[in-house]
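Listed here are the chains, written in short residue letters.
Number of protein chains: 2
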Amino acid sequence: MSTYDEFIIAVKDIHRLQALQGHLGWDRETIMPEKGASSRADMLSWLAKEAHGRLVSSDLGRMISELEGADDLDEDQRANVREMRRSHDKAVKLPEQFVADYARAKSEAMMAWQEARAASDFSAFEPHLTRLISMTKEKIAYFEVEGTPYDALLDEFEVGMKVSDYDPLFAGLRERLVPLLDRIMAAKSTTPDPPWPEGLHFPIEEQTAFCTKVSEAMGFDFKAGRMDTSTHPFSAGLWPGDTRFTTRYDLSEPFSCLYGVMHETGHALYEQGLDSNHSYTPRGAAVSLGVHESQSRFWENQIGRTPAFWKVVLPWYKEHFPDAPEWDPATLNRIANKVSTGYVRVEADEVTYNLHVMLRYEIEKQLFNGDLAVKDLPNAWNTMFMEWFGVEVPNDRLGCLQDIHWSMGAFGYFPTYTLGNLYAAQLLESMAEDLGDIDALVETGDWSPLLAWLRPRIHAEGSKMSPSELIEKATGSAPSPDPFLRYVEDKYSRIYGL
Amino acid sequence: MSTYDEFIIAVKDIHRLQALQGHLGWDRETIMPEKGASSRADMLSWLAKEAHGRLVSSDLGRMISELEGADDLDEDQRANVREMRRSHDKAVKLPEQFVADYARAKSEAMMAWQEARAASDFSAFEPHLTRLISMTKEKIAYFEVEGTPYDALLDEFEVGMKVSDYDPLFAGLRERLVPLLDRIMAAKSTTPDPPWPEGLHFPIEEQTAFCTKVSEAMGFDFKAGRMDTSTHPFSAGLWPGDTRFTTRYDLSEPFSCLYGVMHETGHALYEQGLDSNHSYTPRGAAVSLGVHESQSRFWENQIGRTPAFWKVVLPWYKEHFPDAPEWDPATLNRIANKVSTGYVRVEADEVTYNLHVMLRYEIEKQLFNGDLAVKDLPNAWNTMFMEWFGVEVPNDRLGCLQDIHWSMGAFGYFPTYTLGNLYAAQLLESMAEDLGDIDALVETGDWSPLLAWLRPRIHAEGSKMSPSELIEKATGSAPSPDPFLRYVEDKYSRIYGL
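Sequence lines, in order, name chains C and F. For the record, in the first sequence the residue sitting at position 128 is 835 according to the working numbering, with numbers rising by one throughout. For the record, in the second sequence the residue sitting at position 274 is 981 according to the working numbering, with numbers rising by one throughout.
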């Protein structure tokens, strides 16, 4: 057997163990009986240990080194060697005891966060967050990165991205988004958004049927996937032919479910479009969180929150919700795009969303590069929120306790949400150059050309290139915030008549 | 680390891999999207290979040998060593290539059987069955058993049971069951069973609610388990705190679902009652198929098919099926116990059920010990069926193609179904000695003493002893067919006024 063949068997074993974790994670969030929690945690940690042991094995290290010197590998094979080198090197740098302690600290922090958030009591979460940050600093030290410590974290979630990339990018965005938000708020004070009537009822079965129809129209293959319910919607590309996503329901309005489904279907379409010839290898896996998020945001916002979309789905909407108010596509679209200075990121519109992300980015930078003490975090949060949103945060539940990420030790993760928005807008512009007026195309009700455009350019490429190389190859330009700013300024100027 | 500690880590790893197979198997039968089939098969075979590799490892063999010589092990530890010796020895005797070929032959045979059964065409299944039998004979040769070849197969499913045990047992049963059946058929010809009206409708949601109530009353903990739907009902004790069973629905009557649920809940209660201090080891696992079946048959038949049961559930029945005919507990019980010389084992009553099993046993014996050729199987089946049931088998779909087991290479499995019936009756008699009149107890609607009696005597014991030792310890007598015969003769004499 060639070294590459031997290498790929080891690689697939690791990825199979990870796929099993993914499957059990999906099951836990959707259907697991509550008393299964403890043995599930035990099994997940066993699988993680098994995968980690194989990842750090010196045998794998030897094969990677050997293959790095080989000159007969094709592009796909080289991508696998490159990605496994990255994962292997990171894993071997962390002492086994540290990995175990860190995992335990994270799971304790997550439980503490849940309680602290429910009680809106930051002090209950503070010692856990302090410990996680201190352990994360220890982790950064093991990695021995160049640049600032926070760079090590950013790179974990979007390879190649550093503070020196994000800082100017975010500054440029903020410079134009804050004034845009001001103008929108001024317009709203004279022409308020249409109010959503109280007392409406949207039955779950009808929401399910309506959203399934939309998901199918986007191209999701329900013979190779499922839609289920969970507290926090997510998408899981379990393995070839089996991609599952979830949604949740608000009985008083259909938008949470609809846009949740469009968002998760966007993620799931990426997973269904991966090249199954490369399953269980990095080459066959999604390249980054930023690119993944570009797929969900593309469908959710750039397709789903348009008058063209509402023209197509209005008959389905009326069929499933015959008692809903008689609104035309423009009004429904206006409601779906309502800008507000709300506290909660996950409910934010496209204008304020990135401001939410940047706020967390600025705080994380201070926590890791600067000298923000954990105890001062709520104050830092609330001060910045007032400055950017002009709104006082009433409590920590709606402020610095709202997101789960910090309790999971996922520092450096948030910026990928903004990258997703930027990549999506850049893809949309490029797609329009190839396919013509996208709104006109959406209005036909046949959205298959959109998916067909994304498939070879993004989905099937897996991790062949780095995220930025992939975007550049797909669009002809390096990643840039300009398409997003053009898109958002144009869209909201029209909606709010600016 | 002591050798035993090292041993138990290896044992748990093997059982974790098997638990993962169980989980993925459950998922496949209940909710998997159809295009997931191929990657699921791939993952299951990978898990099987991983588990097999660890089971045959010489390291494990060395530890077992060492521990067999240790004199400081307690009863639980000795049980684990004993059971792992058995599994290890069997596994190492089979060449790896044979295991792989056999697995492929079985999965090909299963597909062929499905088609052959649908078309009622034995000739399409014949070559596959021939190959499986020949490979099974090869397997027996590897095992180098004493006694007759078929003994090796019987022992695989119920340790310690041989042809020399089953032959007299079955002969004794047949001797009294065939005349009992004749008397019942005669009684039916004068007083027919109440007919089931056509055109009734039992909605799925109501059947689910009704059966859930019964399952809960039996003691199933829905916080530590689930009920779902599948083509063929089954129960899966996935891991501690997570036991799942399935059912299916017949919209024209509620009995299929009800007794399916009671049967599977019986299995599931066994799983929920295993000692979780011994999870992922043989000591913490169910001891045998026969004992497992005793738990399902106990609840399904000896509790569920009684007038006392119907007295308790009649109000629930009326609540969920208000349009069903107004029948009293005695009539409902009579319908639920209708004896018939039908062709299909899984729909058989308690009198004919064991005759169905024996027919397969006699044929298997001839296939492995005697000289029945596969091509003559349908004829052998139909001839014996006519002799015992007095009925002509109209086609192979209702005859020798009806069961899945042979296509799975599960020769020697069927007799455990009868053992389950015998063990159940023996447990019932013994329980009555301790708890008094069981019917009177069932009639109170509080069935918890029944479960409380079974828990320490059967469930919590896991595989500490052999199946027959377990039954003997629980009931004070060695396994015997007499309690079953007393039970069945008494019950049906009363029902049919013999």
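Derived from the structure by calculation, the hints contain no laboratory data. Just to be clear, a hint being listed does not mean it is correct.
Which copy is meant is left open, so a pair is good if it fits within one copy or across any two.
[Claimed, not checked] With a straight-line Cα cutoff of 20 Å, these simulated EDC-like cross-link-like pairs (lysine to aspartate or glutamate) come out:
hint, residue 1, residue 2
1, Lys756, Asp720
2, Lys813, Glu803
3, Lys1082, Asp828
4, Lys1018, Asp889
5, Lys800, Asp982
6, Lys742, Asp928
7, Lys1025, Glu1179
8, Lys1082, Asp1197
9, Lys1082, Glu923
10, Lys813, Glu851
11, Lys844, Asp749
12, Lys844, Glu833
13, Lys844, Glu803
14, Lys895, Glu775
15, Lys895, Glu741
16, Lys742, Glu1026
To see whether the hints hold, each was checked on the structure:
When the C-alpha separation of Lys756 and Asp720 is checked against a cutoff of 20 Å, the pair qualifies both within a copy, at 13 Å, and between copies, at 12 Å. Taking the closest pair of Cα atoms, Lys813 and Glu803 come within 20 Å of each other only inside a single copy of the chain (15 Å); across copies the shortest separation is 42 Å, beyond that limit. In the homo-oligomer, the alpha carbons of Lys1082 and Asp828 lie at most 20 Å apart inside one protomer (12 Å), although the nearest pairing across protomers, at 76 Å, exceeds that limit. In this assembly of identical chains, the alpha carbons of Lys1018 and Asp889 never lie at most 20 Å apart, being 30 Å within a copy and 72 Å across copies at closest.
Taking the closest pair of Cα atoms, Lys800 and Asp982 never come within 20 Å of each other, the shortest separation being 31 Å inside a single copy and 40 Å across copies. For the identical chains of this complex, Lys742 and Asp928 are inter-copy neighbours only, at 9 Å across copies versus 33 Å inside a copy, given an alpha-carbon limit of 20 Å. With identical chains, the CA atoms of Lys1025 and Glu1179 are never at most 20 Å apart, being 41 Å at best within one copy and 68 Å at best between copies. With identical chains, the CA atoms of Lys1082 and Asp1197 are never at most 20 Å apart, being 41 Å at best within one copy and 77 Å at best between copies.
In this assembly of identical chains, Lys1082 and Glu923 lie within 20 Å of each other by CA distance neither inside one copy nor across copies; the values are 48 Å within and 49 Å between. When the C-alpha separation of Lys813 and Glu851 is checked against a cutoff of 20 Å, the pair qualifies neither within a copy, at 22 Å, nor between copies, at 53 Å. Taking identical chains as interchangeable, the C-alpha atoms of Lys844 and Asp749 are never at most 20 Å apart, the minima being 27 Å within one chain and 41 Å between chains. For the homomeric pair Lys844 and Glu833, the shortest alpha-carbon distance inside one copy (16 Å) is at most 20 Å, but the shortest distance between copies (67 Å) is not.
Within a single copy, Lys844 and Glu803 get their C-alpha atoms as close as 17 Å, which meets the 20 Å cut-off; across copies the closest is 48 Å, which misses it. Taking identical chains as interchangeable, the C-alpha atoms of Lys895 and Glu775 are never at most 20 Å apart, the minima being 59 Å within one chain and 81 Å between chains. In this assembly of identical chains, the alpha carbons of Lys895 and Glu741 never lie at most 20 Å apart, being 46 Å within a copy and 49 Å across copies at closest. With identical chains, the CA atoms of Lys742 and Glu1026 are never at most 20 Å apart, being 40 Å at best within one copy and 30 Å at best between copies.
Checked against the numbered hints above, the structure violates hints 4, 5, 7, 8, 9, 10, 11, 14, 15 and 16; every other hint is satisfied.
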